[in-house]
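Novice: Here is how the chains run, residue by residue.
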Amino acid sequence: MENNNNNNNNNNNNKNEISRRNFFKIAGTTAVGTTAAIYGCKPDNKSSMTGGSADEVPTDKMTYRINPNTGDKVSLLGYGCMRWPLRQKADGNGEEIDQDAVNELVDYAIAHGVNYFDTSPVYVRGWSETATGIALKRHPRDKFFIATKMSNFSDPSRQASIDMYNNSFKVLQVDYCDYYLMHNIGPGEGIATFRKRFIDNGILDFLIEERKAGRIRNLGWSFHGDVKVFDYVLAMDVKWDFCQIQLNYQDWQHANSVKNVRVKNVNAEYLYGELVKHKVPAVVMEPLLGGRLARIPSQALSLMREVRPESSAAQWAFRYAGTPENVLTSLSGMVYIEHLQENIRTHAPLVPLNEQEYKTLDKVTEILIDSDYIQCTECQYCMPCPYGLDIPGTFGHYNRCVSAGKILKNANDENYKKARREFLIGYDRSVPKLRQANHCTNCNKCEPKCPQRVEIANEMQRVDLYAERLKQNLDF
Amino acid sequence: MLKNFRLIAAALFFLLTTLLFLDFTGVIHQWFGWLAKIQLIPALLATNVIMITAIVILTLFFGRIYCSVICPLGVLQDGVSHLAGRIKGKKNRFRFVPAKSWLRYGILVLFFIAFVAEVSVFVSVLDPYAAYGRVASNFFSPLYRQGNNLLAFFAEKIDSYSFYSTEVWIKGWITFGVAVITLFTVGFLAWYNGRTYCNTICPVGAFLGFLSRFALLKLTVNREKCTECRRCERNCKASCINVSTMNIDHSRCVGCFNCTKACQSDAIQYTFPKAADKNQNTDKNIPVTIKNNLNSLSRRGIIFLLVTLFFTKTLKAQQKLQGDGGLATIEDKKIPNRKTPIVPPGALGVKNMKTHCTACQLCVSACPNNVLRPSEKLATLMQPEMSFERGYCRLECTECSQVCPAGAIKPITRAEKTAISIGSPVFIKEKCIVNIDKIQCNVCERHCPTGAITRVDSEPNNKNNTLKIPVVNKELCIGCGACEHLCPARPFSAIYIEGNLRHHSS
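If you're matching them up, the sequences are chains A and B in order.
Per this note's numbering, the first sequence runs over residues 1 to 476.
Per this note's numbering, the second sequence runs over residues 1 to 506.
Honestly, the hints are just simulated from the structure, not real lab data.
Treat the hints loosely; a few may be bogus.
To be verified - Under 8 Å between C-beta atoms, here's a sample of chain B residues computed to sit facing chain A: (1) Gly323; (2) Gly325; (3) Ile330; (4) Ile433; (5) Ile436.
Glycine included, C-beta positions come from ideal geometry on N, C-alpha and C.
Throw the hints in and build the complete structure from the sequences for me.
Specialist: This is the structure in structure tokens:
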């Protein structure tokens, strides 16, 4: 993501008196801004941020939305705790959460007005709640809202679910939970799966009791997939305090236009409309589609740049997600402080989109829909693959190459040699050979876990076929 | 003058020949692949009459120039010897030693018998080119690749695609051991006594030495000019100049011209012996430096190599948790017990490989798919064979067939390769994950380039079981190993390739 544009502005605004140091500072940030705009098939979109910008991130301008049920003043930028930074263990034996980095990020977020933290017992291989708990414990309890979930996918039995519930409180080190969600409703067998997870085992009743007891302040659910389940749950005779939906400009009207997904996602326009009707505040997830909307193809980016030369694609996406009034908060899983800084700037305060900007995003969406993207947000729900493949890594590499305009349409492309080399070398860099798409067994164990309903096995084969064509120098 | 010329030529040949073993992109081979083909033993094995004749004529004209310039093991020894002189700070450190003719000709005879009787181990251990090849591919190549990987690491940091990293692994421990022993023996002898190895053990040296007795151009001593200062004798790394008798043993002289340069009274001439004094004499030599420091790498290199190997242990995944994310551990594949070794397309079959290969490891170094490795069986020791734990024999690649200097792997085209069957598949039902994990899997079928694998109902009579298992058509299989490599069953694949004794068209 690019974080530097505001930065440039700030620098440019007070350049009445250009000292030599300032000159370099401006020159430096401009250069970084320019390079950051050129995406490649990079394994990661680590962007660099320079020059004293930390001071320029406002601490007191965050946009807040009021939760009509509790009066909570929730920051419009919410912290998704699904992608905490990892580091190698000291003994070299595997990875662990980089707790120091997490603490740093959380401190920074709270200091700049972010107060909503969304986690789950299954995030980051099951380590997220603990790490989030440790970081938040260092702050007064009334400075933050915590959201966690009932993620009883693998074992929906009553006992296991209640154990999971109690454990969340333990590792988060809290005695009440501000926002509690039934996690990821909709996938699997639709309503049947929902009933199995929450009705037949009495867990929903249990949660309602807990709300009465004050241990849950707001009860809601997060939704992906089958719209019948959405309608069914929303119509239940339960007072829902909030609901978490996927909302971004691609999913607003085109959730069902994307290719290569098994069940089409539901248009956010519908979901949001229903929530407004039922007076349920919306929490937005995937405002960036796992970062994909921050790395859009260059022709789409230039459409944006024509309207707002200094705005990044990520900023547009957040402004889109945050503009509707019924949105309580937009969640973003920020791994790098630079992302956090940029997102705080976007939300402090959030400038709503105007008509012209909406029109621009329509055009951008058209480009996205026509692109060759795999609809993966790299959420890791499909992982670990039992045969050791790195599914999000593989798709991530492919999508980055799509964004960079480096997927070849045919072998006669003038960029063939260069794009071939970059794709293949970049592939090996992003994903170890044994974890690449050609090892996919097609077993389909992953597909039911995918909230985006990507036809994972087919898409893996698509990537494999593409890589094979390049490796064999085939005509296509 | 002559010496400088020799130095430059030797350095060039040595460097480029070494590069053949280092380069893994195939570019060097395109231009300098011929360098391996002008080596005597590979030429003999390939029955490359033109090249053999050329070497014989070269020797009959100029003496053992081959040993000084073309043979990489010889140049390696010169390098070591020079380094020894530098470190010991001694000039004039050689002296005349009588020839151990019984030993070298004895070995030559044994070598000849082994050659005819196809005792390939004996041949390949003694072939100086192959011996150097093993040293280069076991020591220099991993270092080179590690260096490349370092560059690739930095390239990645700056989003450059100029370098890509490559796997570094010891392909066969026996071959590695033989290379260590070779390097140690040759290095030791060179360190203390210059070209001893070439004049006592090397069969090529013995053969060419025999020829060079009759060479037209020879180094001769002009008795009138000679002051018997013995510089030449003390600088002859072949220890073949005897000033006391004014004799030069031409069968041992490798034509390095150290003596001509050493002689201060211009008493040694490279000339037609008849024109000079009938008696063979010599003067003095002052050895000059051999500007070849390449080999100084080796000791430090080995330590570095071992350290880097230790750290490059392939990445292993971790954890088993109820949460999302993370990577499942992938167990290493093990080599199945193949009854017949698989040899690459172009090799025609196991026998042709055995009788022609000199085990120089050039193909092993060149294989970009990590398929070729030296055999560990006695009969074919160190000769290449294929296995598919790290990759498979990709259809678009004919690298090994292009580089082989000995005719063990004949050149083939991509088109020809698709029609050569080097092995046939064996399917082990009990290991197939469809049967073990009760899931569907089509990896082998999907990747078979010839459609030799199809899938059928695993239980045709059980309507509830829709799972399919592979069946193989041996007629269509070319033995590329895609199925074996990609098969998710670990450590042993459920489908593996058994070599064909003689390759046939599919």
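Novice: Evaluate each hint against the coordinates.
Specialist: For each hint, the structure was consulted:
A least Cβ separation of about 3 Å between B:Gly323 and chain A falls short of the 8 Å threshold, and the interface hint therefore holds. Restraint check, B:Gly325 versus chain A: the minimum CB separation of about 4 Å is within 8 Å; hint holds. Hint status for B:Ile330: holds, given a least beta-carbon distance of 4 Å to chain A, under 8 Å. At about 7 Å, the closest approach between the beta carbon of B:Ile433 and any beta carbon in chain A falls short of 8 Å, and the interface hint on this residue holds.
Residue-level restraint check for B:Ile436 is violated (minimum Cβ-Cβ distance to chain A is 12 Å; threshold 8 Å).
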